Amino acid sequence: MIPARWPREEPLRERLLHVDPCSGSLRDARIADLPAILRPSDVLVVNDAATLPGSLQGLGPGGTPLEIRLVAALPDDSFRAALFGAGDWRIPTERRAAPPLLRTSDELHFAPDLRATVERISEVSPRLLDLRFHDRGAALWSRLYAIGRPVQYSYARAPFELWHVQLAYASRPWAAEMPSAGRPLRWDLLLALRQRGTKVVPLTHAAGLSSTGDAALDAALPLPERFDIPQATAQAVAAARAEGGRIVAAGTSVARALEGAALECGGALEACSGETDLVIGPGYRTKVVDGLLTGVHEKSQSHYALLHAFAGGDLLERASAHAEAAGYLTHEFGDSWLILQCSGLRPPPVAGKARSSG
Amino acid sequence: MKGKGVLITGGSKGLGAALAEELSGAGARVVLVARAEEELRKTVARIRDRGGEAHALPGDVSDKLQAHRIAGAAAALVGPIELLVHNASTLGPTPLRLLLDTECEDLEQVLQTNLVGPFRLTKIVAGAMALRGSGLVLHVSSDTAVAAYPRWGAYGVSKAALDHMNRIWAVELAQTGVRFLSVDPGEMDTEMHAAAVPEADRGELAQPVRVARWIGRLVAHGVESGSRIVVPGEAR
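Just so you know, the sequences run in chain order A and B.
Going by the working numbering, the first residue of the first sequence is number 3, and it counts up by one from there.
Going by the working numbering, the first residue of the second sequence is number 3, and it counts up by one from there.
Hints are computed from structural coordinates only; laboratory data are not their basis.
Be a bit skeptical, because a hint or two may be false.
[As the list claims (entries may be wrong)] Which residues of chain B face chain A? A partial, calculated answer using Cβ under 8 Å: (1) Leu79; (2) Pro82; (3) Gly129; (4) Gly135; (5) Gly179.
Here the structure is a predicted model, which means the values were calculated and not measured.
Note that CB positions come from ideal geometry on N, CA and C, so glycine has one too.
All chains, full assembly: derive it from the sequences and hints.
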């Protein structure tokens, strides 16, 4: 499929493939059609995480050039980060020279004035590190924003600026990459949805890297990610479910947060914060989410596996073939799919603590 | 205000610094933005010495990239911004001059700082407020927005447009729970006022601390979104 290489000027005109698992039908629509497709009783849940300036070019021991990409914030201004060989976004990470093998206590330098110490090397991959920056608080964040750039991939036309990767409702910078399913949701559309009665509510989920080019690390994705479910969101979901409304996740990160939070919080969604290691894929039966608004994913991408929790393999195959033949565009500035159950009626949630797992 | 994330531009001195002290005293988690780094750090240190939470982000809100950096860093430091105060502003060249003597570039720069800057920062921050169903954006205005004083052209035009933008924001986001206010603090004993009216009797000017206290109460109690409020004489 063809990637969209740059943000398009009219997100509401972008294409939307409505995939209906109940009837098995596929329907070509536009993002602007969402208010007509969703019902007043439905709830659209979006991820309000802003995108980190997470790509930092720097030097390792002996002045070896390298890149790190921030994966997740850890307590006390530390970060988990992925390590890459030298090169900017124009060079695919899998084609770069291997990064230097780092050890704990090694120091990294990011020009002009940011330094970090390697505190831990992950057992998953020597390219997954915990870093402690030498600055804290406002000084650290000022330098991160001055030095870092949004993570991006080689198919893009030009370097992304921060505003290219922020959603219309972005808040805390938790996301390693843009939670891109929400990108076409402009306020014109969000207010139209609300006017029709469809609630639009936020959560914050620290969406991680989608790919690193390193086989061992990619096999471990998605890594555990933190989430924060506000009280109003939990209440809106509960009210909609009680009335047979459908819960639609804008993006795989939202689906992971909602399902992961429900598991962590005892089977039903409650206002809570935490971290989930839940991996949604074939055979997973969703407990909260009835529909997924998502980008157009290649079958080889990890996000594609998650779609099987919302539709059968045959229907997804047909949808992929249709999207390819009809010229749907992929990646974060591409077109969208909406996989939506016809009914939100579910059996009541099972009470009791459950451990999230893959 | 307890625990709420607040972002104040022009926070190093004058009304911005006084508001930061007032709001942090009420328990807010305050992020201050200004170009003057040294003064900004002194203001933050003063607030922390009193047990308040404050963070300094040096930067220029008239610059698009810096505005995005400021908004992101602020939310990282104090969480979702629930009160955004647009206090930063510039007079343009002083002594103030007639419109016929104002360079186009100087007018553009005044509009960038006093109008486009607030627009941009609100655009970055208010979407998250609207999604969460609450938030307040406060524009610091001036009587030059409504009265035509000779030599105050660039500044007055920018503040009149800011007031109108305040009303339009309020109308467009009326159903979201986000409120917008313009506040005219009146003439205060500040560096900016001294630059504009060096001959003024400072004894007749209001102290920013008193004005900030009144605005703090206004913020806490709330008024209709889109309003333009003049700080009353007795409060100054």
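How the hints compare with the structure:
Taking 8 Å as the C-beta cut-off, the interface hint given for leucine 79 of chain B holds, the closest approach to chain A being about 6 Å. Taking 8 Å as the C-beta cut-off, the interface hint given for proline 82 of chain B holds, the closest approach to chain A being about 5 Å. Of the supplied interface hints, the one on glycine 129 of chain B holds, with its beta-carbon coming within about 4 Å of a beta-carbon of chain A, less than 8 Å. Because the closest C-beta pair between glycine 135 of chain B and chain A is about 6 Å apart, less than 8 Å, the hint holds.
With 8 Å as the threshold, the beta carbon of glycine 179 of chain B stays out of range of chain A, its nearest partner Cβ sitting at about 10 Å, so the hint is violated.
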